[in-house]
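Visitor: Read off the chains here:
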Amino acid sequence: MTEKKPFKTAELMKEMMKGYYRDGAHAKENGIPVVWVTAVSPVEIIYAAGLFPYYPENFGAVAAAKRVADKLSQVAESKGYAHDLCGYARCGIGDAYSEEHPVGEIVKPDITMVCNTQCGSLSKWFEVASRFYKVPHFVLDAPQIGNEPEELVTQYFIEQLYELISFLEEVTGKPYDYDRLNEVLKLSSEACRLWNEVLETAALEPAPFGFFDACFHMAPIVTMRGTQQAVDYYRALKEELDERIKQGIPAIPNERFKLYFDHIPHWPKLRWFSELFASRDALVAVSQYTHSWAYDFDLSRPIESLAEQYTEEFVNRFFDYRIELKKRLMEKYDVDGFVLFSNRSCKPNAFGLYDKRKIITEETGIPGVVFESDMSDLRFFSEEQIVDKLEPFFEQLEAGKES
Amino acid sequence: MSSELLNTFKTAAENYDEDVQQWKKTVGGKAIGFLLTDVPEELIHAAGFFPFGISGGDTRMDMADAHLQFWACSFVRSSLAMALEGKLDFLDGLIIPHTCDTTRMVLGIWKHAKPLSLMDNFRIPKQVERPSAQKYLVGEISRLKKLLEDFRGSEITDEELWQSIKLYNSNRELLRKLFFLHEKNPNLLGNRNLYTIIKSSMVISREKLNKLLQELLNSLEKEEETSSPGNHKSRIVISGTLLEPMEILDFFEESGGVIVADDLKNGFRYIESDVPEKSDPIEALAERQRSRIPSAAYDNNNNPRRDFLVNLAKEKKADGVILLHLKYCEPENYDYYDNYLALEAAGIPAMRIETEFGGVALGQLRTRVQAFMEMVGGGGSD
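Residue numbers (this note's numbering), protein chains in the order written: chain F, 1 to 403; chain D, 1 to 382.
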C-alpha cells in the first residue's frame with residue numbers, strides 16, 4: 001500500500017504538544033500548580049483559574065502507543081493492582097512506583113480533579129494518585145442520565161462547580177476570575193466547532209479524513225480546548241482539509257465502504273488496524289469517541305452551560321441513548337457497517353456492546369461485529385482472533401455492495 | 001430451640017424464593033428486587049412491595065455470556081444469569097444501585113434481556129461529604145419514591161414511610177444484637193450461621209423477620225447462661241465487597257477464627273447504621289446512605305476507608321484482617337493496596353484472598369485460610 005501524504009499540520013501539532021508538555025514540566029518552577037484532570041471534564045474552569053491542566057489518560061495513551069503499557073502495568077500489578085483494571089490507570093500507577101520511565105515521567109499533580117462522566121475507574125485511579133502524591137483531591141460527580149436532561153443532575157453539577165471554584169480559591173489563595181472563564185469558554189466553543197467541521201469531512205465521498213486521522217489529531221481538542229492555540233490548530237487543519245478536498249486527496253486510496261467504530265482506539269496497533277481496514281477499501285469514518293469533544297457553550301450563563309454540556313455528554317448516558325446516538329451517527333455518515341471494540345480496559349464502554357450490536361443490526365439492517373482486545377496492553381491482543389472475527393464481517397460488506 | 005430457628009434461616013437463604021412467593025400468593029403484592037445493598041429498601045417496603053435482595057450465585061454462569069463479558073464481576077454476571085434462567089421470575093421490578101461501572105451498565109443490558117415493569121438505577125452520589133451530596137441524594141431518593149408511587153398508583157405517605165423505617169431500624173437493631181452476641185460468645189452461633197441469617201434477612205418478609213430474630217435472641221440468651229465463651233479463638237475482620245463463598249466462614253471456624261467485624265455489603269455494613277428517626281423521612285434516608293461504613297463505591301480520599309479499617313481492627317482487638325477480593329471488582333481493587341499498607345503500618349496482619357461466585361476451588365481456599373490463621377497465631381480450638 002502506498003504511503004499516505006502526511007498532513008502539514010501534523011508537524012504543527014507535534015510542536016504544540018511538545019510545548020504543552022514542556023509547560024507542564026516547568027509549571028511547578030513557574031509557580032503554576034498542576035491539576036490532574038480527566039478527558040471529559042470542565043477543564044475550562046482550570047484554564048480560567050490560571051492553573052495547568054494535565055491529562056494522565058494521555059500519558060496512558062502515549063505509553064500504549066509506544067507499546068510499553070505492559071511494562072508499566074506489571075509494576076502496578078506487583079503491588080496488587082490487577083491486569084483487568086483500566087490500562088491508563090495501570091500505566092499511571094505503574095509509573096508512580098517505577099524506577100524506569102520509558103515514556104518520561106508522568107507530571108506529578110498538585111491537585112487531582114476527577115469528573116466521573118466517563119467512568120468510575122478514573123475516579124478510583126485519581127483517589128489512589130491523590131494519596132500517593134499527597135495532594136488535595138476533588139470529585140465532580142455526574143449521575144448518569146437517560147434520554148432527557150434532568151434538572152436534578154444539572155442543579156447538582158452546578159452546585160459542585162461552585163464548590164470546585166471555592167476549593168480552587170482556597171488551594172490557590174486567589175479569587176476566581178469569572179471574566180477569564182468567559183474568554184476561555186469562547187475559545188473552547190470555537191475549537192469544538194472547528195473540530196466538528198473537521199470530523200464532518202469524513203462524510204464526503206471519498207473522504208479526506210477518517211477516524212484514524214482523528215485519533216492522531218485529537219490531542220489538542222482534549223488537552224488544550226480553551227486556548228487560542230487549539231483554535232489556531234483546528235483552523236489550520238480545516239484549511240488543509242479544504243485544500244485536500246479541492247485536490248481530491250482521499251484518506252484511503254480506494255474508498256468503497258464507510259464504517260462506524262466504537263470506541264477508544266487500539267493504541268499499540270493503531271496502524272495495523274488502519275491498514276487492515278484500508279486494505280479492504282473500508283474507511284473508518286466515524287465514532288462517538290472522537291465526537292465527544294463537541295461542546296457549544298452559552299456565554300450568557302457560563303456555569304449552567306458547563307454543567308449541561310458535560311453531564312449531557314454521551315459517556316454519561318444510559319444504554320438506549322447510546323444506541324440512538326450510534327444509529328444517528330451511522331445514518332449521518334451513511335456507513336455500510338460497524339465495528340465495536342470490546343475493550344478490557346474500559347468496562348463502561350465495553351459492557352452492553354454484545355446486545356447493542358444485535359439491536360442495531362436488527363433495527364437498521366447494518367452489519368456489525370464485536371472484537372475483543374485491550375486498548376493499551378498487547379498481552380490481550382491476538383491478531384489471529386481479530387482477523388477471524390473481522391473476516392466474515394468484510395464478506396458481509398462485500399455481499400452488501402453486490403446486492 | 002435455637003437450632004430449629006437456625007434451620008429456618010438456613011432454609012430461607014437456600015430456598016430464597018419461598019417466602020416471597022408465599023407472600024405474593026397471600027397478599028397479592030409485587031416484589032421489587034435489588035442488587036446488594038446500597039438501596040433505600042425502606043421506600044420499597046413503604047410502597048407495599050416486597051424488597052428482595054438478589055444474592056447471585058445460584059446459576060450457570062454461562063447463561064450470561066451472550067450479554068456480559070467474562071471479565072465482568074461474577075456477582076453481577078450470576079445475578080443476571082439467574083434472571084435469564086428464569087430463577088427470578090417472581091420479580092416485578094428491579095433497582096440496581098450504581099456502585100461501579102458494571103452496575104451502571106448492566107441495567108440497560110438487563111432491561112433488554114429480561115424486561116420488568118419497573119427498572120432503574122439508584123444513583124448514589126460518589127462524594128458524600130460536601131453539602132451538594134445531601135441535597136442531590138434527597139432529590140434522587142425522591143425520584144425513586146415517585147417511581148414507586150407511579151408503580152403502585154398512589155402516593156407513599158410519610159406515615160407509611162416512618163412505619164417502614166421503624167421496622168427496618170428494629171430489624172437492624174436485632175441483627176446487630178446477634179452480631180455482638182456472636183462476638184462475645186462465638187460458640188453460640190458460629191460464623192456461618194451469623195452470616196446466613198444476614199443473607200436470609202434480605203429474602204424474608206420484614207415483619208416475619210423481626211419475630212424470628214426476637215425468638216432466636218431469646219433462646220440464645222438463655223443458652224448463653226450455660227455455655228462457655230471459649231476465649232481461645234483468633235479474632236478476624238473481613239474487608240471487601242461481598243462475602244462469597246459462604247464456606248470460607250467454615251474454614252475460619254475450623255482453624256479457630258471468629259469473624260468479629262466486616263465492611264461487607266452483605267455483612268455488618270448492611271446492618272450497621274439506622275435511619276435517624278427525626279426530621280423529614282427522605283432527608284433521614286439520605287443521611288443514612290451518606291454515613292454508612294466507607295465502601296470502595298465512592299470517594300475514599302476524604303472518607304478514608306483505610307483509617308476506618310485500622311481503627312476497626314484495633315477497636316475489635318483483631319488478630320488479623322482478610323481482604324476478601326471479588327475477582328474483577330474494580331473499585332475494591334483500587335482500594336486494596338493502600339488499605340494493605342495502612343494495616344501493615346499499624347502492625348495488623350493482613351492478607352488478600354481472591355474469590356468469585358461459582359468456580360471457587362474450595363480446597364485451595366481452605367489452605368489459604370489455614371495459612372493465614374497460622375500466621376496470626378490461630379489454630380487453637382476450644
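Keep in mind that a hint or two might mislead.
Straight-line alpha carbon distances no greater than 20 angstroms define the calculated SDA-like cross-link-like pairs of lysine to any residue that follow [what the hints assert, rightly or not]: (1) F:79 to D:84; (2) F:79 to D:115; (3) D:111 to F:324; (4) D:135 to F:380; (5) F:358 to D:315; (6) F:358 to D:352; (7) F:79 to D:225; (8) D:111 to F:30; (9) D:114 to F:152; (10) D:327 to F:5; (11) F:5 to F:15; (12) F:134 to D:351; (13) F:79 to D:351; (14) D:146 to F:323; (15) F:134 to D:327; (16) F:79 to D:113; (17) D:177 to D:225; (18) D:327 to F:15; (19) F:358 to D:113; (20) F:134 to D:107; (21) D:111 to F:359; (22) F:134 to D:342; (23) D:114 to F:363; (24) F:134 to D:225; (25) F:389 to D:115; (26) F:358 to D:84; (27) D:135 to D:279; (28) F:358 to D:65; (29) F:79 to D:107; (30) D:146 to F:145; (31) F:79 to D:65; (32) D:135 to F:165; (33) F:79 to D:341; (34) D:114 to F:78; (35) F:134 to D:90; (36) F:79 to D:172; (37) D:135 to F:359.
These are computed hints drawn from the structure, not numbers from a lab.
Visitor: Next step is simple, just say for each hint if it's right about the structure.
Guide: Hints and how they fare:
no.: 1; hint: F:79 to D:84; verdict: 37 angstroms, violated
no.: 2; hint: F:79 to D:115; verdict: 41 angstroms, violated
no.: 3; hint: D:111 to F:324; verdict: 16 angstroms, holds
no.: 4; hint: D:135 to F:380; verdict: 43 angstroms, violated
no.: 5; hint: F:358 to D:315; verdict: 53 angstroms, violated
no.: 6; hint: F:358 to D:352; verdict: 39 angstroms, violated
no.: 7; hint: F:79 to D:225; verdict: 48 angstroms, violated
no.: 8; hint: D:111 to F:30; verdict: 53 angstroms, violated
no.: 9; hint: D:114 to F:152; verdict: 28 angstroms, violated
no.: 10; hint: D:327 to F:5; verdict: 47 angstroms, violated
no.: 11; hint: F:5 to F:15; verdict: 19 angstroms, holds
no.: 12; hint: F:134 to D:351; verdict: 25 angstroms, violated
no.: 13; hint: F:79 to D:351; verdict: 13 angstroms, holds
no.: 14; hint: D:146 to F:323; verdict: 27 angstroms, violated
no.: 15; hint: F:134 to D:327; verdict: 28 angstroms, violated
no.: 16; hint: F:79 to D:113; verdict: 38 angstroms, violated
no.: 17; hint: D:177 to D:225; verdict: 16 angstroms, holds
no.: 18; hint: D:327 to F:15; verdict: 43 angstroms, violated
no.: 19; hint: F:358 to D:113; verdict: 11 angstroms, holds
no.: 20; hint: F:134 to D:107; verdict: 36 angstroms, violated
no.: 21; hint: D:111 to F:359; verdict: 13 angstroms, holds
no.: 22; hint: F:134 to D:342; verdict: 14 angstroms, holds
no.: 23; hint: D:114 to F:363; verdict: 19 angstroms, holds
no.: 24; hint: F:134 to D:225; verdict: 52 angstroms, violated
no.: 25; hint: F:389 to D:115; verdict: 30 angstroms, violated
no.: 26; hint: F:358 to D:84; verdict: 17 angstroms, holds
no.: 27; hint: D:135 to D:279; verdict: 15 angstroms, holds
no.: 28; hint: F:358 to D:65; verdict: 14 angstroms, holds
no.: 29; hint: F:79 to D:107; verdict: 32 angstroms, violated
no.: 30; hint: D:146 to F:145; verdict: 17 angstroms, holds
no.: 31; hint: F:79 to D:65; verdict: 31 angstroms, violated
no.: 32; hint: D:135 to F:165; verdict: 19 angstroms, holds
no.: 33; hint: F:79 to D:341; verdict: 10 angstroms, holds
no.: 34; hint: D:114 to F:78; verdict: 40 angstroms, violated
no.: 35; hint: F:134 to D:90; verdict: 50 angstroms, violated
no.: 36; hint: F:79 to D:172; verdict: 37 angstroms, violated
no.: 37; hint: D:135 to F:359; verdict: 37 angstroms, violated
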